[in-house]
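S.K.: So you can see what is in the structure, the chains are spelled out below.
Number of protein chains: 2
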Amino acid sequence: MSVIANTPKPPYYAVIFTSTRSEADNGYGEMANRMVALAEQQSGFLGIESAREDIGITVSYWADLESIKRWKANAEHVEAQKNGRQSWYSAFKVRVSKVERDYGL
Amino acid sequence: MSVIANTPKPPYYAVIFTSTRSEADNGYGEMANRMVALAEQQSGFLGIESAREDIGITVSYWADLESIKRWKANAEHVEAQKNGRQSWYSAFKVRVSKVERDYGL
Chain A
1 MSVIANTPKP PYYAVIFTST RSEADNGYGE MANRMVALAE QQSGFLGIES AREDIGITVS
61 YWADLESIKR WKANAEHVEA QKNGRQSWYS AFKVRVSKVE RDYGL
Chain B
1 MSVIANTPKP PYYAVIFTST RSEADNGYGE MANRMVALAE QQSGFLGIES AREDIGITVS
61 YWADLESIKR WKANAEHVEA QKNGRQSWYS AFKVRVSKVE RDYGL
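So the sequence lines, in the order shown, correspond to chains A and B.
Heads up, the first sequence is in the numbering used here, so the first residue is 1 and it goes up one at a time.
Heads up, the second sequence is in the numbering used here, so the first residue is 1 and it goes up one at a time.
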């Protein structure tokens with residue numbers, strides 16, 4: 001169950017991960033849940049939003065680039081990234097961006 | 001049918017629009033399709049990605065902040081934003097961010 005992330009006042013960072021899935025399952029759902037739980041434990045983590053239809057979009061929010069770099073290098077995450085490239089995703093794009101302003105309802 | 005956007009080399013801008021829907025329908029689907037078609041005609045538009053499950057995430061990509069400002073002020077879009085606030089969305093968040101790097105598969 002994904003909700004709108006309760007992020008602090010900008011500036012902060014957003015990692016936009018867009019993907020299309022392959023046919024391969026072999027533990028994808030478990031891995032995806034585990035990666036969210038693990039990300040939430042990292043220092044600098046601010047929130048995560050996720051939805052999938054034709055494509056999957058997961059946006060994670062971070063305090064700074066250092067936190068993003070550490071999360072990318074996390075051993076368990078590195079293993080998941082490897083399986084993602086080799087098996088789970090037919091294509092993906094990661095975009096690292098700096099949130100400059102936000103507003104909402 | 002949403003696909004991974006074929007964006008140019010960074011830097012460029014991403015507008016991350018995350019929302020939860022109300023029960024109200026009254027033309028939501030038509031409006032959403034029309035807004036994508038209209039956005040694609042704007043100068044500075046680079047691409048759009050969208051998916052909805054518990055929450056909807058639409059990320060539109062733009063060449064610069066000027067293009068985002070013009071799109072926000074587009075008359076037909078202003079009308080859709082008004083209906084969005086009053087009827088279609090129970091909550092939403094708009095985050096304007098600058099994409100600094102990207103990579104993918």
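Please note that a few of the clues may not be correct.
Just so you know, same-sequence chains aren't split out, so a pair can sit in one copy or run between any two.
[Claimed, not checked] Straight-line C-alpha distance at most 25 angstroms; calculated BS3-like pairs for lysine-lysine:
| id | residue 1 | residue 2 |
| --- | --- | --- |
| 1 | Lys98 | Lys9 |
| 2 | Lys9 | Lys72 |
| 3 | Lys9 | Lys69 |
| 4 | Lys98 | Lys72 |
| 5 | Lys93 | Lys82 |
| 6 | Lys72 | Lys82 |
Bear in mind the hints are in silico, worked out from the structure with no lab data behind them.
Predicted model only: the values in this text are computed from it and were never measured.
S.K.: Work down the list of hints and note, for each, if the structure agrees.
M.R.: Hints, one by one, checked against the model:
In this assembly of identical chains, Lys98 and Lys9 lie within 25 angstroms of each other by CA distance both inside one copy and across copies; the values are 12 angstroms within and 16 angstroms between. Taking the shortest alpha-carbon separations for Lys9 and Lys72, both the intra-copy value of 24 angstroms and the inter-copy value of 21 angstroms come in at or below 25 angstroms. In this assembly of identical chains, Lys9 and Lys69 lie within 25 angstroms of each other by CA distance both inside one copy and across copies; the values are 21 angstroms within and 20 angstroms between. For the identical chains of this complex, Lys98 and Lys72 are neighbours both inside a copy (17 angstroms) and across copies (20 angstroms), given an alpha-carbon limit of 25 angstroms.
In the homo-oligomer, the alpha carbons of Lys93 and Lys82 lie at most 25 angstroms apart inside one protomer (14 angstroms), although the nearest pairing across protomers, at 32 angstroms, exceeds that limit. For the homomeric pair Lys72 and Lys82, the shortest alpha-carbon distance inside one copy (12 angstroms) is at most 25 angstroms, but the shortest distance between copies (39 angstroms) is not.
This entry satisfies every hint, going by the numbered hints stated previously.
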